[in-house]
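Using the sequences and the hints, build the whole thing.
Single-letter residue listing:
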Amino acid sequence: DTEVTQTPKHLVMGMTNKKSLKCEQHMGHRAMYWYKQKAKKPPELMFVYSYEKLSINESVPSRFSPECPNSSLLNLHLHALQPEDSALYLCASSQVARGEAFFGQGTRLTVV
Amino acid sequence: SQQGEEDPQALSIQEGENATMNCSYKTSINNLQWYRQNSGRGLVHLILIRSNEREKHSGRLRVTLDTSKKSSSLLITASRAADTASYFCATAGTGGFKTIFGAGTRLFVKA
Chain B
126 DTEVTQTPKH
136 LVMGMTNKKS
146 LKCEQHMGHR
156 AMYWYKQKAK
166 KPPELMFVYS
176 YEKLSINESV
186 PSRFSPECPN
196 SSLLNLHLHA
206 LQPEDSALYL
216 CASSQVARGE
226 AFFGQGTRLT
236 VV
Chain D
53 SQQGEEDPQA
63 LSIQEGENAT
73 MNCSYKTSIN
83 NLQWYRQNSG
93 RGLVHLILIR
103 SNEREKHSGR
113 LRVTLDTSKK
123 SSSLLITASR
133 AADTASYFCA
143 TAGTGGFKTI
153 FGAGTRLFVK
163 A
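Just so you know, the protein sequences line up as chains B and D, in that order. Numbering-wise (the numbering used here), the first sequence opens with residue 126 and increments by one. Numbering-wise (the numbering used here), the second sequence opens with residue 53 and increments by one.
Worth flagging that the hints you see were computed from the coordinates, not collected in a lab. By construction, the Cβ of each residue, glycine as well, lies at the ideal position given by its N, Cα and C atoms. Heads up, a few of these hints could be off.
[As the list claims (entries may be wrong)] When the alpha-carbon atoms are kept at most 27 Å apart in a straight line, the in silico DSS-like pairs for lysine-lysine are as follows:
| no. | chain 1 | residue 1 | chain 2 | residue 2 |
| --- | --- | --- | --- | --- |
| 1 | B | K165 | B | K178 |
| 2 | D | K150 | B | K134 |
| 3 | D | K162 | B | K166 |
| 4 | B | K165 | B | K134 |
| 5 | D | K78 | B | K165 |
| 6 | D | K150 | B | K166 |
| 7 | B | K163 | D | K78 |
| 8 | B | K147 | D | K150 |
| 9 | B | K166 | B | K134 |
| 10 | B | K178 | B | K144 |
| 11 | B | K134 | B | K147 |
| 12 | B | K166 | D | K78 |
| 13 | B | K165 | B | K147 |
| 14 | D | K150 | B | K178 |
| 15 | B | K165 | D | K122 |
[Said to hold, decoys possible] Reference excerpt, derived from the structure (chain B facing chain D, CB under 7 Å, subset only):
| no. | residue |
| --- | --- |
| 16 | V173 |
| 17 | F228 |
| 18 | G231 |
In structure tokens, the structure reads:
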């Protein structure tokens with residue numbers, strides 16, 4: 126199984142809502158990532174987990190809250206988002222940090 | 053920033069032609085990776101080249117790395133319409149866990 130599964134594929138949420146994005150991999154990878162991508166732009170790194178510990182937070186606003194419940198799962202909790210947070214959110218994993226990364230298909234988030 | 057910068061930003065070629073994309077970066081790297089992205093969905097890893105390697109091949113792909121010039125190139129030979137996508141280089145630094153993506157090249161292969 127070489128897949129990274131992200132749910133949901135699409136999400137529309139209001140600025141007062143609380144929602145969560147989920148990511149799952151069963152490749153035994155010990156590094157997991159969240160990226161944000163705007164249209165026609167490269168993915169921007171948000172968070173890196175290594176061995177279930179948060180290793181990097183790229184100065185992401187606190188309205189985004191990552192969680193790594195176990196080595197296979199990665200969540201991104203969303204609260205009080207702004208319209209400018211609308212983007213494609215990509216999860217990825219790699220055997221070790223900085224290695225070949227496998228990406229999920231992303232969650233296309235729209236904040237209204 | 054060690055972010056890669058790519059050129060050209062966009063490239064349009066005929067099927068069967070070769071496509072070359074270039075990536076430049078600013079700081080020391082552990083490795084450099086190339087990814088493909090179709091239609092704004094997930095990225096697919098193409099190839100990883102380590103800082104002590106100069107060239108790597110994978111099928112129709114050839115990647116070179118020149119650490120003295122802090123640059124890399126991706127060559128796709130005998131391109132196909134299915135190669136139409138955005139291509140990104142990503143650099144992994146010598147310290148820490150970051151892999152940072154360059155701006156990308158949008159390749160369009162005409163049938």
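Okay, the hints, checked on the actual structure:
no.: 1; hint: K165(B) / K178(B); result: violated (31 Å)
no.: 2; hint: K150(D) / K134(B); result: holds (25 Å)
no.: 3; hint: K162(D) / K166(B); result: holds (23 Å)
no.: 4; hint: K165(B) / K134(B); result: holds (19 Å)
no.: 5; hint: K78(D) / K165(B); result: holds (22 Å)
no.: 6; hint: K150(D) / K166(B); result: holds (18 Å)
no.: 7; hint: K163(B) / K78(D); result: holds (23 Å)
no.: 8; hint: K147(B) / K150(D); result: holds (21 Å)
no.: 9; hint: K166(B) / K134(B); result: holds (19 Å)
no.: 10; hint: K178(B) / K144(B); result: holds (22 Å)
no.: 11; hint: K134(B) / K147(B); result: holds (10 Å)
no.: 12; hint: K166(B) / K78(D); result: holds (19 Å)
no.: 13; hint: K165(B) / K147(B); result: holds (24 Å)
no.: 14; hint: K150(D) / K178(B); result: holds (14 Å)
no.: 15; hint: K165(B) / K122(D); result: holds (24 Å)
no.: 16; hint: V173; result: holds (5 Å)
no.: 17; hint: F228; result: holds (4 Å)
no.: 18; hint: G231; result: holds (6 Å)
When held up to the earlier numbered hints, the structure conflicts with hint 1 and nothing else.
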